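From first to last, the protein sequence lines are chains A and B. Mapping of the first sequence onto the UniProt record's numbering: position 363 corresponds to residue 363, and the numbering continues sequentially without gaps. Mapping of the second sequence onto the UniProt record's numbering: position 96 corresponds to residue 96, and the numbering continues sequentially without gaps.
To be clear, the hints were calculated from the coordinates, so they are not data collected in a lab. It cannot be assumed that every hint is accurate.
[As the list claims (entries may be wrong)] Here are the simulated SDA-like pairs of lysine to any residue, each with C-alpha atoms no more than 25 Å apart in a straight line: (1) B/K129 x A/S410; (2) A/K195 x A/L46; (3) A/K481 x B/R15; (4) A/K481 x B/N65.
Predicted, not measured: the structure shown is a model, and the values here were computed from it.
As a plain string of letters, each chain reads:
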Amino acid sequence: MLTTFLSHQWKGFWRSKSKGGTIAANILIGFFTLYLLTLAIILGFLLEFFIGKYSPGKDVGVIFNGIIIYYFAIDFIMRLQLQELPTMSIVPYLHLRIPKRKIVNFLNARALFNAFNILPLFLFIPFCCTYISDVHGAYASLMFCVSILSLIVFNNYTALYVKRLTLASTKYVIVTIVAISLLAALEYYKIFSIKAVSNAVFGTISKQPVVALGFTGIAILMFIVNAKYLRKNLYTEELGSSEEKKTSTDYPLLNHFGEAGTLVALELKLILRHKRTRSALMMSLLFIFYGFLFYKEDVLKKDALGMVIFAATFMTGSAVTIYGQFMFGWQGSYFDGLLANKTNFRNFIKAKFLLFTIMSTITTCIITFYGFLSWKILAVQFAAYLYNIGLGTVVILYFATRNYKAIDLSKGSTFNYQGVSASQFVLMIPYFALPYLFYQPFASAGKPYYGLICLGFFGLTGLLTRSYWIEFILREFNKRKYKIAEGFRQTP
Amino acid sequence: MILEISNLKKTYGSRTVVNINELQINEGETIGLVGNNGAGKTTLFRMLLDLIRPDEGQIISKGENVAASDQWKNYTASYLDEGFLIDYLTSEEYFFFIGSLHNLSEAHVLDYLKSYEEFFNGEILGKGKYIRDFSKGNQNKIGIAAALMQNPELLVLDEPFANLDPTTQIRLKSLIKLLKTGDKMTTLISSHDLNHVTDVCDRIILLEKGLIIKDFQTNENTLKELEAYFSV
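So that you can see chain A by itself, here it is in the shape it has in the complex:
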């Protein structure tokens, strides 16, 4: 049965109508994965050397033990955003003579084929086989491997489980975000240290290797929880639609903006009424915690703002980039209607700018809490905000006029690759490189704050000359509108 499912999936992939984009995207992702894996292997074999080099005088084993759970904590957050739910359209199989158990098993087995699961193998296993085995013996080395395998499985299914819960109800998104931010804050203020916990646990394992079976235990537990949840929700997920009465809504505030406001209201409804857009936006909220990774005290003290600018651009624009990169594909299903109706496309473009400005303003307001760490962060974030609403939006909309893939809104999962084309990858380069064009010359001259002012100035200029950019995007749009409409019509 498993092989039949696999062959159906395989055929589904190769025969999908949107194959062109999927293959290009998959090849890119494939290369990226391969690159990471190669790095991981090299790093894995040289881990002992690197630890010795970067923390001279400390016990290599202790450092390694401290890394493990830390790694898996970050791995978990990454998974929440990037790991794909193994989606197979199970509807055609549900009414056949196939036990549900088998379908669930297939979904679960498929989930294991993932780069996230392979990466730690390459990273940690070589070290366990060399250093740990030399110091603590073969038995301990084996149990280290067992615990790492168990942690992989545990992370894999926990991430999927949490993702499934968050897709089912937004309540869990908030719980997850609060929990992660709480842990991140505790770690940042050194109240609680993952490193210390990791060290204690793996220190124990090196002495009492049997303890590693505890990890195996929780991994199996998580697998069972996940499988049970899946089996219970196998139909409600796809087939059941809620019976609650839908109401017509109106956003009076937006009426002040005329037709552009009406179009923004239309798009807000699009975002709020689809799982895929909702979860994309919710997940983009998770990005606001990247500041804890990048806003390091020593970096701020040295005024080395390069990485800080990257993080600030990323966070102030997280919703804009994550939602905007697929523009106008979100509206692909009714794009013909927009074209054939009396829609003024100048207003259509204006509405996009307005929407992006709203999104970026909201995220920027949220992340002002980083101001508690340092006032410098606020300055950087403000400059990044100006860049985002002034120029970043132009970059994204320019690439939007080159995106010919519609998004299938009926599919739920957050990071499914339907609708992904090369333009999304290309888009990120100018979007993130542009701020440095303004900042770097000053920073190299030793005046990072002039660089910030320059960045903010050009952002503001972009904002003030917006009417010019609207015309520019409109021209680009008109050049390719037939191709866009054609592409949207052909995307299933």
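Chain A is already provided as a structure; the job is to place chain B on it using the hints.
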């Protein structure tokens, strides 16, 4: 003359989908487009609505090329397929949205919708459903009503009778006839239902592989003629 098509050509690969040398449509005419699948009906409509760029030739609507200016949008309303509906809106929201594009207030729209109560048969309004959750037939009704609401001078409908229940089919026919006499509306309809088309339209255009095979005024023999052509 409301529409003037000249040298219109569209090819996909080596296949010519539309190849119309000359076609003129006068104000107030109700025109039925018939032809088997692949005859080019929908492609013609799409070019008419500036959704597809013709390879050659042009479509002039009231003296202006549809591909060059948006003027035609002021008096043209259309419904080709579900791709015209915004499926995550409730039916009311959709009507309000379309109305707002023509500067109709919500009160106006509601007022207008009242006159379509019979056509809707109590299945469209106040249902508390998104358009995507309606059946195909009811989606069709929403699209057609939204097009008619724009009070167009030129109406373009692609297979409007498909998926509609018999009662609604008959109501739609009388609606089109009514609008033709009252407001001098020009209507372009494509259909596979020869009965309906000959009943409603006063001019029939028969397409085959993109070419106009026949173009004639309807009379009592039209239906038989068409049946003879299609029964080959």
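Violated hints, by number in ascending order, as checked against the structure: Nothing - there is no hint that the structure violates, so all of them hold.
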